[in-house]
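Number of protein chains: 2
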Amino acid sequence: MSRPRLLALLCLGLIAPAHASEPRPLAIAIHGGAGVIDPAKMTPAHAASYRAGLAAALDAGYAILERGGSSLDAVTAAVRTMEDDPQFNAGRGAVLNHDGDAELDAAIMDGHGPRAGAVAGVRHVKNPIELARLVMEKSPHVLLVAEGAEEFALEQGAVLVPREYFRTAARIRELEEARRRAGELKAAAPGPTGTVGAVALDRAGHLAAATSTGGLTDKHRGRVGDSPIVGAGTYADDDSCAVSGTGQGEFFIRQVVAYDICALVKYRRLTLAQAVRELIHEKLRRTGGEGGVIAVDRYGNIAMDFNSVGMFRGARDSRGRRDIAMYRDAQ
Amino acid sequence: MSRPRLLALLCLGLIAPAHASEPRPLAIAIHGGAGVIDPAKMTPAHAASYRAGLAAALDAGYAILERGGSSLDAVTAAVRTMEDDPQFNAGRGAVLNHDGDAELDAAIMDGHGPRAGAVAGVRHVKNPIELARLVMEKSPHVLLVAEGAEEFALEQGAVLVPREYFRTAARIRELEEARRRAGELKAAAPGPTGTVGAVALDRAGHLAAATSTGGLTDKHRGRVGDSPIVGAGTYADDDSCAVSGTGQGEFFIRQVVAYDICALVKYRRLTLAQAVRELIHEKLRRTGGEGGVIAVDRYGNIAMDFNSVGMFRGARDSRGRRDIAMYRDAQ
Chain A
23 MSRPRLLALL
33 CLGLIAPAHA
43 SEPRPLAIAI
53 HGGAGVIDPA
63 KMTPAHAASY
73 RAGLAAALDA
83 GYAILERGGS
93 SLDAVTAAVR
103 TMEDDPQFNA
113 GRGAVLNHDG
123 DAELDAAIMD
133 GHGPRAGAVA
143 GVRHVKNPIE
153 LARLVMEKSP
163 HVLLVAEGAE
173 EFALEQGAVL
183 VPREYFRTAA
193 RIRELEEARR
203 RAGELKAAAP
213 GPTGTVGAVA
223 LDRAGHLAAA
233 TSTGGLTDKH
243 RGRVGDSPIV
253 GAGTYADDDS
263 CAVSGTGQGE
273 FFIRQVVAYD
283 ICALVKYRRL
293 TLAQAVRELI
303 HEKLRRTGGE
313 GGVIAVDRYG
323 NIAMDFNSVG
333 MFRGARDSRG
343 RRDIAMYRDA
353 Q
Chain B
23 MSRPRLLALL
33 CLGLIAPAHA
43 SEPRPLAIAI
53 HGGAGVIDPA
63 KMTPAHAASY
73 RAGLAAALDA
83 GYAILERGGS
93 SLDAVTAAVR
103 TMEDDPQFNA
113 GRGAVLNHDG
123 DAELDAAIMD
133 GHGPRAGAVA
143 GVRHVKNPIE
153 LARLVMEKSP
163 HVLLVAEGAE
173 EFALEQGAVL
183 VPREYFRTAA
193 RIRELEEARR
203 RAGELKAAAP
213 GPTGTVGAVA
223 LDRAGHLAAA
233 TSTGGLTDKH
243 RGRVGDSPIV
253 GAGTYADDDS
263 CAVSGTGQGE
273 FFIRQVVAYD
283 ICALVKYRRL
293 TLAQAVRELI
303 HEKLRRTGGE
313 GGVIAVDRYG
323 NIAMDFNSVG
333 MFRGARDSRG
343 RRDIAMYRDA
353 Q
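Protein chains in written order, with the working numbering: chain A, 23 to 353; chain B, 23 to 353.
Note that these hints are calculated values from the structure, not bench results.
All values reported here derive from a predicted model rather than from experimental measurement.
Careful: at least some of the hints might be erroneous.
If several chains are the same, the list does not tell them apart, and a pair holds so long as it fits within one copy or across any two.
[What the hints assert, rightly or not] Each computed DSSO-like pair below joins lysine-lysine, with the alpha-carbon atoms no more than 30 Å apart:
no.	residue 1	residue 2
1	Lys63	Lys160
2	Lys148	Lys305
3	Lys305	Lys288
4	Lys305	Lys160
5	Lys63	Lys288
6	Lys148	Lys288
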């Protein structure tokens with residue numbers, strides 16, 4: 023152990039008694055998409071599989087917080103776990119665009135700074151959330167898109183994969199079905215998606231948020247939703263809160279949903295739960311927008327709310343809470 | 023003249039006396055970039071030419087408002103005028119990226135709705151602001167990027183041009199100079215740019231904002247700044263205000279500058295000028311971010327402020343104001 027770390031531990035030991043009854047809170051929340059699957063069509067086997075996927079991501083993130091790691095590492099690990107799980111619409115298993123390709127978007131934000139990095143429209147990056155983090159840490163930029171983002175991935179040695187990596191049998195079937203129904207859907211607003219995301223508070227009091235998605239099945243090439251847009255689908259600031267959204271991206275962009283929640287907390291002194299409720303059940307609903315968010319504030323309060331049929335989600339904190347749910351009534 | 027329009031005019035005639043002393047205000051403000059040219063290096067001929075370019079854009083927009091047109095049409099016309107003028111970093115005359123190409127970003131937002139459309143990383147679209155408007159009006163999406171955005175341009179019949187259209191002799195020289203200095207600049211934050219933008223209030227009380235840019239000279243391919251990001255470089259909502267920004271885009275994105283100004287007006291009841299000052303001289307400066315914004319509220323108040331050496335700008339309203347300025351002291 024390094025000397026500074028040893029000293030820090032000794033100091034913690036000395037001041038521990040004063041704080042023993044109330045250690046600094048840890049908290050993480052994740053989502054795996056809103057309104058994705060009609061509860062009537064969810065088989066017990068499917069439900070168990072989704073729950074296991076959510077639990078794996080939740081616990082991967084919380085383990086990092088528990089051993090003193092940063093919220094940034096925790097949200098990266100949680101999102102990467104869901105990117106690698108083909109059940110979720112991010113990374114492997116992302117939905118396919120009109121041309122039959124996965125086109126992936128992701129963003130990460132460190133509430134300490136704050137700093138942010140994002141990528142959009144990448145088609146060969148195994149873990150878009152890691153590329154978003156490289157943009158934040160290794161470039162002076164916040165957002166890189168399309169081929170330029172993939173060039174940056176090459177420069178940074180990120181893992182690239184062929185397009186077939188993303189094209190799972192289930193997503194190819196979904197695309198074919200969507201194309202058949204294209205006529206009737208053309209005029210409708212884009213439907214909700216299985217975007218994944220995580221927000222966390224670490225021991226040092228820093229907040230972070232991360233979101234990753236394949237967007238919409240059969241989407242127009244080049245369409246970018248809210249996930250990689252700072253303020254819309256992803257936002258974190260140590261002074262207020264961290265938010266990750268999932269739902270109809272265009273509505274989230276126009277309403278600047280993630281930042282607006284933090285603005286209500288900062289400027290109107292709403293609690294996190296009140297601010298989330300205001301956005302999801304008032305502002306978003308008023309315009310017809312469907313979806314949900316997960317959020318955490320600097321006190322470790324977690325809010326998870328949605329106006330869609332369900333939102334796959336999980337929460338865990340240092341007060342002993344650990345739950346996974348998919349629909350209302352914490353089911 | 024159609025019968026409903028005739029009837030409307032007659033009705034206006036009947037109620038006019040009550041409002042004659044205080045007609046509904048009209049206002050437009052434009053910018054042509056912040057911190058672009060050291061005042062010491064600005065020749066009188068250059069200054070006159072920039073002023074003429076700004077005046078042409080300002081008056082093109084105001085003429086539309088004056089004849090009862092929409093703020094959306096006014097900001098489109100003002101920005102398109104600057105896109106077509108090679109002095110400004112947007113459309114023809116946009117700065118060139120590391121590969122020697124113009125890569126253009128633009129966004130437009132209609133405060134009535136609100137609705138928004140944006141494009142990023144397009145390389146063959148003559149007027150990106152018109153394509154952004156087509157995204158808003160003819161697609162269910164808000165943001166299209168790169169080749170997908172150009173496919174959409176083709177589908178919609180937007181005017182496409184070869185890359186040489188954008189590559190003016192002056193911008194090729196600037197790129198060569200930037201490449202020579204690349205070593206020393208690599209570590210520095212991206213410098214301010216000559217982004218263009220407009221905000222307006224029309225007779226019907228609707229606000230609109232539009233922004234268009236070529237981004238940064240020698241930028242990494244795929245880099246997207248704040249201009250096409252709703253909430254960062256462009257925002258409009260009839261309930262609060264309309265904002266267009268120019269400066270170091272990454273700082274504007276992280277701070278959600280355009281929306282934050284409107285949030286301060288809505289939630290903390292600051293005046294527009296106070297909110298703009300808070301963002302530009304407090305929040306942005308605290309993080310080292312350089313740039314400025316133009317903004318208008320639903321009462322027709324105009325705020326234009328910057329923390330850079332200068333900001334090319336113009337304002338005109340129905341109270342008789344009409345001014346063009348480049349540096350402090352309204353020069």
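Taking the hints in turn, this is what the structure says about them:
1. Lys63 / Lys160: This pair counts as neither: shortest intra-copy Cα distance 44 Å, inter-copy 34 Å.
2. Lys148 / Lys305: Neither, since 35 Å and 36 Å both go past 30 Å.
3. Lys305 / Lys288: So lysine 305 and lysine 288 pass the 30 Å test inside a copy (18 Å) and across (14 Å) alike.
4. Lys305 / Lys160: between (37 Å within a copy, 24 Å between copies)
5. Lys63 / Lys288: neither (41 Å within a copy, 43 Å between copies)
6. Lys148 / Lys288: Neither. Shortest intra-copy (36 Å) and inter-copy (42 Å) distances fail the 30 Å Cα cut-off.
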